[in-house]
Amino acid sequence: MIDLVRLTDVNKVYQGGITGALNGVSISVEKGEFAAIMGPSGSGKSTMLNLIAGLDRPTSGTITVGGTDLAKLSEGGLARFRRDTIGFVFQFFYLLPNLTALENVLIPAQLKGSDAKGRARDLLDKLGIKEVADKYPARLSGGQQQRVAIARALINNPTLLLADEPTGALDTHSGDQVMELLGGLHRDGQTILLVTHDAKLATRNAARVLSVVDGRIVDDARLESPERAASEVIRVRSEETSR
Amino acid sequence: MTAVIVKALADLRRRRLQAGVIFVTVLLSIAAGTMAVTLMSQTRDPYQAAFQAQKGAHLQVAYKAGTDPRLLSTTPAAIGATAFGGPYPVSTIQFKFKEQKFFVDAVGRDNPLGDVEVLNITSGRWAQANDEIVLTRSFADLHGISIGDRVKVTSVAQTPLLSVVGEVVDIDEGSADLSSQRAWVQAAAIPSLTSPDSSYYLMDYRFAADPTRAQLQGYTDRLRAALPAGSITGSLNYILIRNIFNITNQILTGVLSAFSIFALAATLAIVATLVTGIVISAYREIGIMKAIGFMPAEVVGVFALQIVIPALAACMLGIPLGTIVSQPLLANSSHALGLSYTPSFSIGMDLMILAAGLLVVAIAATLPALRAGLLKPIAAIAKASAPRGAGGRLLRKSAARAHLPRPVVLGIGDALARPLRAVLTLVTVLLGVATVVVAVGLPRSFLLINNSATGAGNYQVVVTRTSAYPDSEVMRVLKAQPETARVVAIGGQNITVPGVLDPVNTRLYRGDSSRLGFLVIAGRWFSAPGEVLAPAALLRDAHLKIGDSFTGSTDGQVLQLRVVGETYDINNFGHSLFMDLATMASTKPAIEPYMYDVTLASGADVAAYVHRVAAVQPDLIDVHASDTSIITPVQIIDLVLLVIAGVLALIGIGGVFNTLLLNTRERIRDTATLKALGMSPRQVMAMVTASAAFLALIGGVVAMPVGLYLHHVLNDVISNSAGNDTPPAAYAVFNAYELVLIPLLAVAVASVAALVPGRWAARTNVVEVLHAE
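As they're listed, the protein sequences go chains A and B. Mapping to our numbering: the first sequence position 229 is 229, numbers consecutive. Mapping to our numbering: the second sequence position 242 is 242, numbers consecutive.
Some hints could be false.
Unchecked claim - The calculated BS3-like cross-link candidates involving lysine-lysine, where the alpha carbons are at most 25 angstroms apart (straight line), are: (1) A:31 - A:135; (2) B:64 - B:98; (3) B:96 - A:135; (4) A:126 - A:31; (5) A:200 - A:135; (6) B:96 - B:152; (7) A:135 - A:117; (8) A:112 - B:397; (9) A:112 - A:135; (10) A:117 - B:397; (11) A:130 - B:397.
Stated by the list, open to error - Listed below are several chain B residues computed to face chain A (Cβ distance under 7 angstroms; list not exhaustive): (12) 673; (13) 676; (14) 678; (15) 767.
For the record, the hints were derived by calculation from the structure and aren't laboratory data. Even glycine gets a Cβ: it sits at the ideal position worked out from N, Cα and C.
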C-alpha cells in the first residue's frame, strides 16, 4: 500500500507552552484507509489534524501528504494544497451564513476557478439534502448543516478527507447518519482521517484507531471487527489515562 | 462610575486603531469647523471697525473739472451730510517705476486727517513738497515700491520725478489687486501733473448714520438736480467698497462652513458605524457586563465613552489647530484694512465648539450604544454576536452571474452584509468624493472666468497710452509691427443708467472685440453702435432684460441704448456696460481709446514684440504682456478648497477603513473557514479589497452628480455675490473621462485603504480562530 500521509517525529509547541501539544509523533496513513485519531480533550488530536491539513505548521518534524512536504509550501501553496487535496469537516460545520447550501458547497470549487454546479447538486442528492440546496444555513438542522459541510469537503474530489469531531455538535440520530455517510464514502475508496473522543464512534467505522494522550501516540490499533476493536481500544485508553 | 471608566479605558486600549480613526476624523472636522467659526466671528465686520476708525466716506462723488468749487462746497448741506472732505483736485496720472507703468488717480490733498476719509499712514509720512507722493500700502506691496523710491510721471510732457514718502491705508477704496488706486500729492502739485481731460474734483460725504442704498440713490439724485447737467462724472459708495473687502472672507467662510458641516457629518457617520459595529461584535461581553451588575445606562456609557475619550483628545488638539490656521487669514484682513492685528481667539467660543463637538459625537455614539443597553443578558451571552444581516445576497448573486472571481463575489456581498453600516460608509465616501469634485471643478471655473477677463489665449499684449501720445500714433506703431494680427482699442466712460446708483463704468471697443474672449451668458455680443451688454447685477438694478432699450446719459448728453446680451464682469460687482466706441461718436468731448489689446500672429515672440514697441516711446506708452495670473483672493480660495478636499477625502478613507476593520473582525470566522477550505492569502486580500472597492465605487458614482450639483450651486453663489450669473461654460469644466476617472480614483484609494485590514484577514490564523469558537 502507498502512504498517503506521513508524519515523522512531529513536535508542536504553542507559544508560551511548556509542554508540547504534540511530542515526537510519527505515523503514516495509507491511501484508502479510514483511520480514527482518538483521545481526550487537549490530547493533541485536533492539532495533528490541523498540521496534516496545512492549517498550522509543526515546531519540528516533517509532514508529507501525497508525497508533498508541507514545510516546503508557502501560505499560498498551502491554500492550494488544501483546496486540491484536502476536504475538511468541522465539528461546528462552519458554513458561511450568508451563502445558500449549494453556494457553500460550491465555494472550494469556485476558489479553484472551476464550475462544479452539477457535481454539487449530485453530492447534495447523494447526501440526501438536495431539497435544501437553496436554503441558508440558519434554516437547516444541525444534521443537514453537517451534510452540507461534508458535500463541501468532497466537492473537489479530495485525496484526503479530514473530519474533526464531525458528530460533536449533533444529536445521536444525526450523528449516526453522518457516520454512515462517512462509512459509505470510505467504502467508495475515500481516505478518511477522523478525530473523535468517542471510542464507540471511532471503532464503528474506522479500521484503525490511533490513540493520543498528552501529544503522544500511545496505541495504533488495526481492527479486524468493530465489536472486538471497541473493547480493545477502550481498554488501552483506560490504561493510559490511569498512568 | 469608576467601573464604567475602567471598562471603557480597557476597551479603548484594545481598540487602539479604531480609536485612532475617531481621533483623526474628529481632529480634521473640528479643526475645519473651528477655522470657519473663528473666521466668521472674528471677521464679522472688520471693515465696519476700520470705517468708523478712519471716518470713512459714505459717498464719494467725482465732479467734472470745470465745476465751480464754491458750488461744490454747498453740496454737503444739500444732501444733509454731517461731514465732508474736499473738493479735492484729482488728476489721473501714469507713472513709471523701473520698467512698469501704472495709472493712479493723484489726489491733491495737504492733510491726511480731517472729518472724512482719514488716511492711516502705515509707514513714512505725508507729502510735504510738490515732488512727493504717497501711495496706498496695498499698491506699494503689490508692485514692490518702497519709501524712498522715485517714480517718473509719464502722462505729462515734463515727466517729473516724484519721491514716494509714505504709505497709507485708505478705507474708501478697494485693495490694489481688485480696484484701481489713488495716490496723494500736495494740492499745489496737481496742475503740474494734469494732462488734458484727466482731472476732476472729488468730494467725500459722511452722514450721521450709515445710509441705505436707496438713501444713497436719493442723495446722488439730489446732487444731480442741484448742479448743472453733466457735473457728476462718477460716484462710489461705502456699500460697494465694503463688499469688495468682504467678498473673499465671505466666500471663504461660506465654503469652510459648508464643508465643515460635511466633515462633521462624515465623522458622525463613522462614529455611528463604529459603535454599531462594536456593539454587534460584543454581544457576549455585553451579556457578561450585565450579568455582573452593569446597569443599562452604564453599558451605554462604556460604549459612548470609548468614542468620547478620543474625540475629546481630538477636540483639545483640533480647536487650537483650527484657531492657529485661521490666523494668517485674519491677519490678512486686518492688514488690508489698516487695522492692527493681534492674534484673535475667544476662549468662550472655543469652549462652545468643544461642547458642541463633543455633544454631537456623544449623541452619535450613544444612539447605537442604546442597543447594547437594551439587550437581555442571557440572549446576549447566548448569541455572542448579533445575527448577521441578510444584506448583500442579491448583490452577490448578481456578481456571481457576472462570472466575477469568487473572492470578489464574496467581498462585494460582504460590503452590504450590514446595510446600515454600508449606508453610513457610503455617506462618508460620498461626502469625500463630492468635495473632491468641487475642489477640482471650482478652480477650473475660476480659471475659465479669469482667462476670459485677462484675454488669455485671445490677446497677448496690452498697450496703454497717456494723453500726450495720440491714439493715431499708437495704431500706426502697432500696425507697423509684422506680428500684429489684430488690435482692439478700448476707451472708458461713466454712463448714468436709470435706476442705478452710481454712474456705470463703461468699456468702449473699437475693432473686433467679439474675439477678446468675453463670456456671453445670454444673448449675443454687440455688433452695432447703441447695442450694449451688461452683467446680471446691472440688468437687475436697472430692471432691464435682453432686448430692452433704455436711455443713458454721459456729461449731460443722452444715449439711446439697447441690451443685446448678458456678460460676465466682476468689476464693481457686475455694474458695467460693454459697447462699441462708435456709440459715443456724437458725444463731446470725443472719447478716445487709451488701451489696446493686441493679438499677435501665432508663433510670434511676445517678449521681443513688447520690447520693440515699448522702445518706440519709452515714457508715453506702456507695453506689457497680458497678465493672465490669478488674483490672490482666488488663489487663497483655491488653496482652502484643496485643503478641505484633502480633509474630506481623508475622512472618507477613514470611513472605508473603519468599515473594513469592523467587517474583517466580524467575519473572521468565515475568513478562517474559507482559508481552511483553500482560499489563498491573495484571494483573501482580493475579497477584502473588493468589499472596499465596491463601497468606493457606489459612493463615488453617487457622489458625482452630488459633487457636480454642489459645484453648480457654489458657482452660482460666488458669481451672484460678485453681481453676475454663472457662465454656462463655468459649469462644464469636467471632461467626460474625468467623470469616470474620479469614482475610479476613489476605488483605487479605497483599495489602498483596504491593504491593512486585507493583510490582517489574509494572516488570519485558522487554528486559533476556529479553536476559539
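Violations among the numbered hints, reported as their numbers in ascending order: 1, 2, 3, 5
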